[in-house]
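Participant: For the protein sequence lines, the chains are A and B, in the order given. Going by the numbering used here, the first sequence opens with residue 1, and the numbers climb by one from there. Going by the numbering used here, the second sequence opens with residue 1001, and the numbers climb by one from there.
Among the hints, erroneous ones may be present.
[Stated by the list, open to error] Only pairs whose alpha carbons sit at most 20 Å apart, straight line, appear in this in silico SDA-like list of lysine to any residue:
1) A/46 - A/267
2) A/277 - B/1144
3) A/277 - B/1050
4) A/240 - A/285
5) B/1103 - A/125
If you're looking for bench data, these hints aren't it; they were derived computationally from the structure.
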Amino acid sequence: MTKFISFLLALSCVLAIPKSSIALTNTPNQVVITNERSPLLSAIPKTIVITKHESEEIAKAQRFVYSEIKTEIEHQKSLGATKLTKTFISEDNYSYPDWKEYVPEIRQYVIKGFAEDGKLVRTSAPLASDLPNLASRLVYLEQNECILRDFSLFDLDTWFTPKCHIKFESKSDYIRASLRTAIAMSGLGPWALGQTPYEQMQDCFNNKYSFTVKSGYFSCPQNVRFWPEPSSTSFPLILKTYKGGYVIKIDVKTRSATMTYYAPNFVEVARHAFWSKGSSVINFG
Amino acid sequence: MLKKISAVVSSGIFILINPLQAFAATNSIDCTSRATDSYFCVSSFGYTGTDPYNVDRFVLPGPDGHKHSCTSFAAYTLAMFNPPMPAISHFNAARSWAVDALKVGATVGHVPHPGDIAQWGKPSDLSEGHVAYVQEIKLDTFGNVNAIVISEDNGGLRITRRKTIYLSDTTTTSNYLYWPDNFISFPVYTGGGGGRPPVALISTPGNN
Chain A
1 MTKFISFLLA LSCVLAIPKS SIALTNTPNQ VVITNERSPL LSAIPKTIVI
51 TKHESEEIAK AQRFVYSEIK TEIEHQKSLG ATKLTKTFIS EDNYSYPDWK
101 EYVPEIRQYV IKGFAEDGKL VRTSAPLASD LPNLASRLVY LEQNECILRD
151 FSLFDLDTWF TPKCHIKFES KSDYIRASLR TAIAMSGLGP WALGQTPYEQ
201 MQDCFNNKYS FTVKSGYFSC PQNVRFWPEP SSTSFPLILK TYKGGYVIKI
251 DVKTRSATMT YYAPNFVEVA RHAFWSKGSS VINFG
Chain B
1001 MLKKISAVVS SGIFILINPL QAFAATNSID CTSRATDSYF CVSSFGYTGT
1051 DPYNVDRFVL PGPDGHKHSC TSFAAYTLAM FNPPMPAISH FNAARSWAVD
1101 ALKVGATVGH VPHPGDIAQW GKPSDLSEGH VAYVQEIKLD TFGNVNAIVI
1151 SEDNGGLRIT RRKTIYLSDT TTTSNYLYWP DNFISFPVYT GGGGGRPPVA
1201 LISTPGNN
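Let the hints inform the model, and build the full structure from the sequences given.
Facilitator: Spelled out as structure tokens, the structure:
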């Protein structure tokens, strides 16, 4: 009896693997993106000029970060702190391998406040608070160690330790870092624009569905199983917008394709800057 | 004991008799909203692009003033059914949620529970990844997880959807119509009162 049950179970395991899944597992990648991880696609030029509109929007975002730090310092002061130290927190951020191009320091930091007698008064929460927003690192407590008192001839500490100061990097730097964040966190750039065409071609080729390439469009009606949204089973082979784009070349015979991505026109994107209320974030419409 | 043996034998016989029917379950998109009523598929949640944690702060609302994004919908369900977690306001894109969630005391695993957030992608990916709300868990006759029913918003397409995804169906590899990489169980209300139970359930073949 036990043997019979074991036999049934073994048989059911064999039957449980759908044939199509075996075929898919062994199917090579039919769509190749030639420059998917090219640094050129996300490199923000240093030549972005700030107009009055962008300047006003950036100022609002900067003020948000400033206010966070200022509030913390005032709080420390009210608790009796006379000296502050800045300690960086080790934190991985996978989204920005190129962060040195945009900010002097990517790590968050905590502010520790010390009273006159050297006793620790308070440790702040990590600053700037919004870790994924690269630009928020461009307003920060400048010194690693500073005092909250004005210079006094009779106070030796004020001779050698600087007064605490919140530093603002330039607005031009702020918008560059914000553009870099928009690429990593929102739909800006070719990755978002190219994802659906890439997946649709993979689905179509791997499932051996019939497709047409006509008038600059790729169409695969049977993809409707995975893409039921109206008119979403076809897409243009060339897409060039100021937010990025791609060019696709189809090889009908081998049922394969190559895609090449285009970077956004960052100067044009920067013209659509808007502050995201209640945050340090600049968005791009 | 006899009952268990009988269940195993009968399901084995069912497989032998009709293997196609037994394993015909395929992933499906059960509801796709139209552009004119883009929140239709999640209307039971009362969601209309609300983003209580402003987690989708990197994207502007659409021309109609409403937001569409997977993270805003996931954060909305968390705001509805789980205790407040202000740190969600500083989460990364969906691809990093499985890492970010650990900071708020969530547990991350590969077995779904009702009310979990399903998550696709990893922090090093270039695409944004995806998150969705696990509305229902379907069990097989042995009590093992067979499928999940998820509800989601989609920022790129600006529509909401409901999908059924089977653990055994590996034929789809796109449109996040495949088994998620992670299931995130966020902290829940404990003790008497204070919270609303999630609108999620576990179903077995008997109560489907």
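Participant: Against each hint, give a clear statement of whether it holds in the structure.
Facilitator: Hints, one by one, checked against the model:
| no. | hint | result |
| --- | --- | --- |
| 1 | A/46 - A/267 | holds (10 Å) |
| 2 | A/277 - B/1144 | violated (46 Å) |
| 3 | A/277 - B/1050 | holds (15 Å) |
| 4 | A/240 - A/285 | holds (17 Å) |
| 5 | B/1103 - A/125 | holds (13 Å) |
Going through the hint list in order, the structure does not satisfy hint 2, though it satisfies all others.
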